[in-house]
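Peer 1: Residue strings, one per chain:
Protein chains: 2
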Amino acid sequence: MAVIGLGRVGLPLALAFARSGLRVVGVDVDAQRVSAVNKGDMPFFYPEVQRWLKEALAKGAFAASTPSKETIEHSDVIVITVGTPTGQQYQLDYSQVYSALKEVASADLKDRAIIMRSTAVPSTMTTIVIPLLVKESKLRLGVDFAVAMCPERILEGQAHRELYELPEIVGASDSLSAEIASQLFRKLSPSKKILITTLTGAELAKLFTNIYRYVNFALSNEFAIWAERYGEDAHEIIRVANENYPRSNIPRPGFAGGPCLGKDGFLLDSGTTFSSVVSTAWKLNEAVPQHVVMTLIKSLGSLYAKRVTVLGLAFKANSDDTRLSPAVKLVDTLKAYGADVRVHDPHIEETESLREVLRNPEVVILATNHDSFRNIATDIDESGCEFVYDVWGVYDPGAFKRAKYMRFGKAA
Amino acid sequence: MAVIGLGRVGLPLALAFARSGLRVVGVDVDAQRVSAVNKGDMPFFYPEVQRWLKEALAKGAFAASTPSKETIEHSDVIVITVGTPTGQQYQLDYSQVYSALKEVASADLKDRAIIMRSTAVPSTMTTIVIPLLVKESKLRLGVDFAVAMCPERILEGQAHRELYELPEIVGASDSLSAEIASQLFRKLSPSKKILITTLTGAELAKLFTNIYRYVNFALSNEFAIWAERYGEDAHEIIRVANENYPRSNIPRPGFAGGPCLGKDGFLLDSGTTFSSVVSTAWKLNEAVPQHVVMTLIKSLGSLYAKRVTVLGLAFKANSDDTRLSPAVKLVDTLKAYGADVRVHDPHIEETESLREVLRNPEVVILATNHDSFRNIATDIDESGCEFVYDVWGVYDPGAFKRAKYMRFGKAA
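So the sequence lines, in the order shown, correspond to chains A and B. So the first sequence is numbered by numbering that gives the first Met the number 0: it starts at 0 and just counts up by one. So the second sequence is numbered by numbering that gives the first Met the number 0: it starts at 0 and just counts up by one.
None of these hints come from the bench; they were simulated from the model. Owing to the predicted nature of the structure, the values given are computational and were not obtained by experimental measurement. A hint or two may mislead.
Copies of one chain are not kept apart here, so a pair can be met inside one copy or by any two copies together.
Listed below are the simulated SDA-like cross-link pairs for lysine to any residue, each with C-alpha atoms no more than 25 Å apart in a straight line [claimed, not checked]:
1. Lys282 <-> Thr271
2. Lys191 <-> Glu155
3. Lys68 <-> Phe44
4. Lys334 <-> Ala60
5. Lys191 <-> Ser247
6. Lys109 <-> Leu131
7. Lys282 <-> Phe265
8. Lys109 <-> Gln95
9. Lys137 <-> Pro66
10. Lys134 <-> Ser188
11. Lys282 <-> Arg212
12. Lys334 <-> Asp40
Just chain A, same shape as in the assembly (with noise of 0.2 Å):
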C-alpha cells in the first residue's frame, strides 16, 4: 500500500500499518523530507513514532519515495493524508490534494481502493474527488475501483495510541469501497469499531467533532472574559461549575487554534455569508492574543522597547508544531506594539534557550502550556522580571514572590 504525504498525519498511520505487517510505501513531494525519513530521521518531535520508524525500517516494511506512477501501481490501496489548509484570507487550498489525485489517477486504477484522510470541505468527496478519479481513470466506481473518506480524528501526538483505540468512520457510496477500507483499517486492531456513513456525512462528523471542541474553547475564553469583568477567577469559578455535576464539562480557558482546531471552522462555515456559531468562537478565540496584549498595556502603560519574554511557541502543549499558533500572533503582536521580544520553546530548535530568555526580562508570558515549564516559577521569579502573564493559569499565583502575576481569566 501507499501512503501519501509524510506529515504529521500520513507518517504515523503508514508506520502503524507496516507494524501491522504490510509493505508500506510513503510518498511525499519533499525529496529532502524522503531522504531523511528513509535514514530514520522525524521530520518532527514524536519520540513514540520515533521508534517504529526505525523499527520498520530494519524490517523492511517501510520505505519513503517521492512520487511516481509505479507506486500507485504497486500498491492496492492508496491513502491520501496531504494537508488541506488555508491562504491567508481563509480561502481553501485544495493544491496539495489536486497534486496528489493527479499522481493517483495517472496510473491504472483498476481493482485499487483510493482513501481520503484529509480534511475537506463537505461534499468535496462528491463534487471534486469521485468525479476527478472517474472522469480520469474511466473505470466504474465500486465495480471497478474503490474510493472511501476515513477522516483523521486523532490528537496530534496520539497516534501512537489512537490509531488502535478510536472508532474508524468510513464514508462510501458503494459497498465494494466501504467493505475494503474497513478491512483495511480492522489490520490495525481487529477490534477497532468501523462507523459506516455516507461521503458527506463522513466529511461532516470529522468537522463536527473538531468543531465541537473548538466552540467549547471559545466559550470558556468568553467566561475568562467575563470573569475579569466582574472581577473574578475563571478558573476558580469553571472548578466550581464542573465538579461532580454531570451536566458540565466546560474546559479551561487558553490559546485555542493551531492547524486542525483554527481551519476547520471555516471548512464546514465558507458557505454562509452570515455569523454563526462558529465564526463568533472563532473571532473569540483568535482574539486572546491580542486581549493578551492590551491586558499589558493596561498594567505598563505601553509595550515600546519593554523585555518581553515569551515561553511556547507551539500551538499546543509537548508538541512542536507552530502553525497557526496562538503564540505565534501573540509574539507578532507584541512586536507590533514595540516589545522587545525574546523566544523560548523547548522543542523549536530555532528559539532561544531558557536561561538566555531569563536573562532580565520585565515580561515573562507563558504561551505554551508545555509540561517542562510547569516548574519553573521559581526561575521565572528569579529573573527579576515586573509581570508574569499565565495564558493558561498552570502557575500557583503564591509561587511569585517579586513579580506580579497575572493569568487570562482572572481580574488584574
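Following the hints, complete the assembly by docking chain B onto the known chain A.
Peer 2: Only chain B this time, still in chain A's reference frame:
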C-alpha cells in the same frame, strides 16, 4: 425556616427540607396558590413532589402562607427562590426579588440567615442584595446576620433526586455565612458536597453551567442547518461523530429554550455591546421555530388556511412548563403565516385532546419530545396528514407510509 416563592424551584426545595426534619413555611404572594398548596394541590405537574407535599402536610412539617413579618421573624433561615424573568425586550425584571427582599428586610434580621437561590446577573449580591439588607437592617454582615448565594442548578423535574445528589455551590463573603449555608444544605444529605466560593463566583458558576449547555444545543442546531444544506441527516452524523469517541459529546438537535436556558445568556451577556458566542447561540436557537415554518412553506407553498397540528407546547419533555418555550413561538409563528393551528399537550389541560387534533390535519408537527408521543407515529400517519415534521428526530422515518416525513437537521 422560610422559603419565599412556591414555584418550581421553591416548592420542591421547601418540601425537601421538611422531609429532612425541618419545620418549613413556604411563602408566596399568590393567595390562591397558597391555599391550594395547603390543600395538597400542586401548582404544576410534578408527581414525585406531589407525594412529598401530601406527606409533609400530614406530618405538619410544612405549611404555605402569604408574606408576613411574623413568618420571617419565626424563621432562622430564609431562602429566596423567586423568579428573575426577563421582560419583553429581555431587560432584567427584578420586581419579585425586590418584593422578597423588602419583605425580609421589614423584619428583625438579627441572627438570621438569608440565602438567595434565584438566578441573578453577576454581582447582584454585592451591588443590590447585600447593600439593601445591610442598609435596611442596620446590622453587620457576617457578625449579626448571614447572607449567601446558593444557586439552583437542578434539572427541572429532577429536584426529587438532584437535591440530594448534586453538589451545592455556596457563595459568601464571610465565613459565618458560608458555614450556616453549608450546614443547611448538608441537612438534605450529610454526604452532600459543598463548594465554597465568592458571591459573584456563585452567580457566575450558575450561569456558566446553564450557558455551557445552551451553547452546545445551539451548536448542534447549527450542525443541523449545515447537514440540511449538504443533503445529509445531522442525527446520523452526530451519532457517528460521538460513538466511542472520547472528545465528542455533541447533543442532538432540537428546540432549546425555556425559563432558564432561554434567558440565562442575557443575564451574563447584558453588559456587552458586542456579539458574543452566547448571543450568537441565542440567535441560532431562537431562529429554529421560524426555520421549521420556512421549511414547511418550501414544501407546501403557503401555510395560509392550512390545518396544522402541533404536538407539545412545553419547552421540555414530560413537563407542563411553557415559559419561553420554542413550541409556543412555533405556534405563534404558524398563526402569523395564516395557518389554522390546533395544539395538544398531554400535560397542559387548556390544549385539545390528541384525538381531536389528529382529526383531519394537513400537517402534524412534533414540537415537544414528551415520552408519550414516542409511540404514536402510526396514529399520526393514519390521521391522513400530508406532512409530518419531527423537530426532535424521534420517529423512525419508516413508520410513515402515507405522510411525507421531515425532521429538523435532515435535508427534505
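Peer 1: Run through the hints listed earlier and report the numbers of any the structure violates, in increasing order.
Peer 2: 3, 4, 10, 12
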